[in-house]
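S.K.: Working from the sequences, and respecting the hints, build out all of it.
Top to bottom, those sequences are chains A and B.
Take the first sequence: its letter number 388 is residue 388 in the working numbering, and every next letter is one higher.
Take the second sequence: its letter number 343 is residue 343 in the working numbering, and every next letter is one higher.
Below, a sample of chain A positions facing chain B; criterion: calculated Cβ distance under 7 angstroms:
#: 1; residue: Glu75
#: 2; residue: Ala142
#: 3; residue: Asp153
#: 4; residue: Asn244
#: 5; residue: Asn308
#: 6; residue: Lys311
#: 7; residue: Phe319
Keep in mind the hints are simulated off the structure, nothing from the lab.
Backbone N, C-alpha and C define an ideal beta-carbon position, used for all residues, glycine too.
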Amino acid sequence: MGLPLMIKRSSNNNDNKNNVVELSRVAVSDTHGEDSPYFAGWKAYDENPYDETHNPSGVIQMGLAENQVSFDLLETYLEKKNPEGSMWGSKGAPGFRENALFQDYHGLKTFRQAMASFMEQIRGGKSRFDPDRIVLTAGATAANELLTFILADPNDALLVPTPYYPGFDRDLRWRTGVKIVPIHCDSSNNFQITPEALESAYQTACGANIRVRGVLITNPSNPLGATVQKKVLEDLLDFCVRKNIHLVSDEIYSGSVFHASEFTSVAEIVENIDDVSVKERVHIVYSLSKDLGLPGFRVGTIYSYNDNVVKTARRMSSFTLVSSQTQHMLASMLSDVEFTEKYIRINRERLRRRYETIVEGLKKAGIECLKGNAGLFCWMNLGFLLEKKTKDGELQLWDVILKELKLNISPGTSCHCSEFGWFRVCFANMSENTLEIALMRIHEFMDRRRKF
Amino acid sequence: MRLIVPLRGVIQGRGGLFVGSLIPCCLFYFLQLYLKGRRPPPSDPTELPRTSSRSNLFSRGNSIGRVRVSSRAAPVAKPSDSPYYIGLERVKTDPYDRILNTNGIIQLGLAESTLCFDLLQRWMSENLMESIMQSDHGEFDISSIAMYKPFEGLLELRVAFADFMSRIMGGKVSFDPSNMVITAGGTPAIEVLAFCLADHGNAFLIPTPYYPGFERDIKFRTGVELIPVHCRSSDNFTVTVSALEQAFNQARKRGSKVSGILFSNPSNPVGNILSRETLHAILEFAQEKNIHVISDEIFAGSVYGDKEFVSMAEIADSGEIDKSRVHIIYALSKDLSIPGFRAGVIYSFHEDVVNAAKKLMRFSSVSVPVQRILISLLSDVKFIEDYMTTHRQRIRNKHIRFVEGLKQLGIPCAESGGGLYCWVDMSSLLTSYSEKGELELFEKLLSVAKINATPGTACFCIEPGWFRCCFTALADEDIPVIMDRMRQLAESIRS
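M.R.: What follows is the structure in structure tokens.
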């Protein structure tokens with residue numbers, strides 16, 4: 001048996017000691033975006049977090065789109081329908097053994113069926129979902145990134161309508177090397193996507209020699225808090241067919257539309273199309289983080305009408321599998337149609353009421369919001385308060401709101417909005433009391449300003 | 001692999017023959033790579049102009065093409081040509097069952113252990129619910145499992161993991177929870193490290209034979225290459241510095257930038273425990289070349305031999321090497337038999353790597369309720385110590401039985417001290433001492449003996465005839481069945 005040679009360290013090996021070992025471009029890049037204002041506000045919150053009892057003058061977090069309004073429903077369900085933890089698989093339920101070993105990237109069939117059923121319910125049965133087209137990922141963040149890896153090569157681009165979720169800059173671009181080319185939308189038509197804007201974005205990419213591989217929309221939109229109109233969806237699909245590119249619809253807030261009838265999923269558009277070459281460019285992303293308020297569970301899905309994409313995504317999902325224990329736990333809950341029907345209905349209602357509260361409250365303070373009908377936030381217009389309608393002007397105002405009002409909200413520039421002065425304000429991650437306090441601070445601020 | 005085999009013969013030649021043969025071979029090799037890179041994405045055979053029979057909404061009168069996936073995605077959906085995956089698929093078509101399907105294919109191709117399930121099951125039935133549902137006030141508070149938590153894992157979990165890892169590695173090294181990032185399994189752990197330590201097109205040196213899954217884990221999306229460093233049975237497949245040196249220099253000549261060395265310890269598929277000397281040598285080599293070291297220690301708790309396991313963390317701690325180049329991967333899939341839970345670890349001495357990995361965990365983090373279960377499990381010191389002791393004993397016993405059974409058939413195994421498998425020398429059963437002969441034997445094992453064992457080719461072993469056989473999902477009664485089938489096959493070949 002050969003012995004390994006010991007390397008003789010020569011005496012003038014000092015170079016090695018000073019040579020710092022290199023990291024990759026991915027590791028040192030700042031595409032994670034955590035230096036942007038979107039995240040700087042979080043730091044301020046972390047350092048001085050509001051607490052109803054212990055820190056009533058702290059920073060109120062209105063920059064996190066989390067849904068806590070229906071926690072009680074979940075808690076009750078988990079406690080009542082879960083005698084002796086049977087749902088967790090502890091007492092001889094379809095067993096621990098299967099869960100422990102199960103690392104099949106196909107995902108538990110019962111769970112996929114439950115997800116398909118849940119997604120159908122949210123869409124009021126207007127479209128069918130085939131459990132075999134569901135690919136599970138550890139959260140929608142992973143789903144969006146995975147789809148990007150599959151649909152686009154490094155230096156290709158996805159077209160994304162502005163304003164968009166700031167996290168896309170990181171999720172779609174960081175490891176994938178794919179670019180985002182914005183589709184500019186503005187308030188003249190409530191930020192809806194127009195065919196002209198689509199074409200313009202496409203031409204911009206072509207002009208820069210960038211190959212466009214798809215369009216990625218969020219429906220309902222984040223940060224607008226509004227559903228995408230059916231006509232717009234049809235135009236979008238038409239555009240994607242003409243350019244022979246993909247269409248990704250991130251429908252992560254679909255269960256948070258206040259009135260179910262106002263939501264049209266791209267699934268509904270595709271449902272009646274037989275032509276595979278049209279259908280197979282459509283992909284939907286979903287997750288339980290927003291509608292079901294379970295971001296900690298890390299459950300996301302890619303639903304694709306493209307067999308090749310389903311197969312590829314499944315194999316690549318090994319980098320982002322959902323724990324079998326989690327799948328097992330949720331399968332029974334999501335298949336309980338009585339529970340999910342009630343949950344979806346009550347959750348929508350509560351979100352609607354919150355939305356009305358905040359919009360009314362802002363109106364009384366002289367602030368208008370975009371007419372929204374979905375999501376966990378509203379899109380507030382403070383353009384009239386800006387000294388200069390520029391990015392700096394907006395950030396200055398944002399800073400004042402953070403430091404004086406102690407409210408962390410998200411500035412439109414972090415969402416790449418081409419109009420200045422818009423802000424996204426989240427309302428579902430706090431108690432009603434806290435929301436009142438936030439509104440009060442805004443009132444006082446506006447009163448003070450009027451006095452000058 | 002396919003191109004390297006003929007080249008190897010040339011490289012081992014001498015002088016003029018060497019140069020005269022090498023250059024055209026290299027040119028041919030690079031021509032292939034160039035053409036491969038230039039080839040457009042595989043076109044769909046049905047891509048013909050279509051006349052519209054669809055709704056007016058999408059009718060343009062012109063044809064529309066089939067939409068394509070990216071070129072990095074294109075190869076992924078294709079059926080694998082690696083015997084590793086082929087074998088796993090074959091078992092699914094006809095899986096052995098002690099009662100229901102006694103003629104089925106016995107799975108020896110998956111490194112999983114079920115030897116201590118009884119212990120785990122009991123723990124889970126007694127503790128699972130409490131560990132998820134419990135909160136500080138004693139009542140169930142859903143926010144403890146539902147809300148966003150740091151993607152790199154709860155601090156309590158990192159603390160519990162650090163303690164657990166230290167324990168199973170013999171208590172000789174301690175792990176700092178702030179250098180640790182929890183991942184959704186070992187698979188994302190290795191991928192994230194590859195993303196952080198190497199650019200697209202760079203390479204890792206990797207001693208052969210190696211775990212076939214690394215081909216996907218590293219190459220699917222990162223674009224990092226794997227350069228094999230061949231090890232031989234004469235060294236019991238232990239990597240030598242001269243082999244590392246040779247591979248490094250060849251890579252440099254080809255214009256490949258080597259970013260690091262990746263190896264498993266205990267090794268997979270051989271089951272070697274690397275000695276302190278070897279570990280030191282690897283680290284010093286890395287220091288000299290200024291590259292990274294990734295030690296995959298996923299089987300650290302499955303050590304059944306007499307040799308002590310030493311973690312790279314222990315070597316890194318001692319002495320003059322810049323330890324920021326040292327990174328360790330771990331997961332609970334093997335030692336604790338819960339691959340389905342998806343819980344792994346990146347442990348790095350490099351602060352920037354830890355920070356980048358933390359941010360990347362948003363793509364691969366562990367479900368919070370599962371984290372809560374694991375905190376309870378890993379902190380239950382008494383249970384863990386009992387479990388580890390029992391698990392080791394049971395692996396050892398199974399190993400002895402299995403190896404002894406093969407020995408009686410005249411089939412030897414490599415020396416091993418860890419892992420859930422043994423590295424079996426079936427070269428005496430080959431009709432030709434070659435890769436072709438080995439693949440023929442693989443097929444005979446599957447179709448005649450109805451046994452799935454992973455051939456060395458799938459692990460990039462340069463010596464034909466070796467097979468990895470995983471034995472830790474077998475009951476004692478399965479072993480005579482296997483040996484009987486092997487005996488029949490051996491007899492039919494040798495006659």
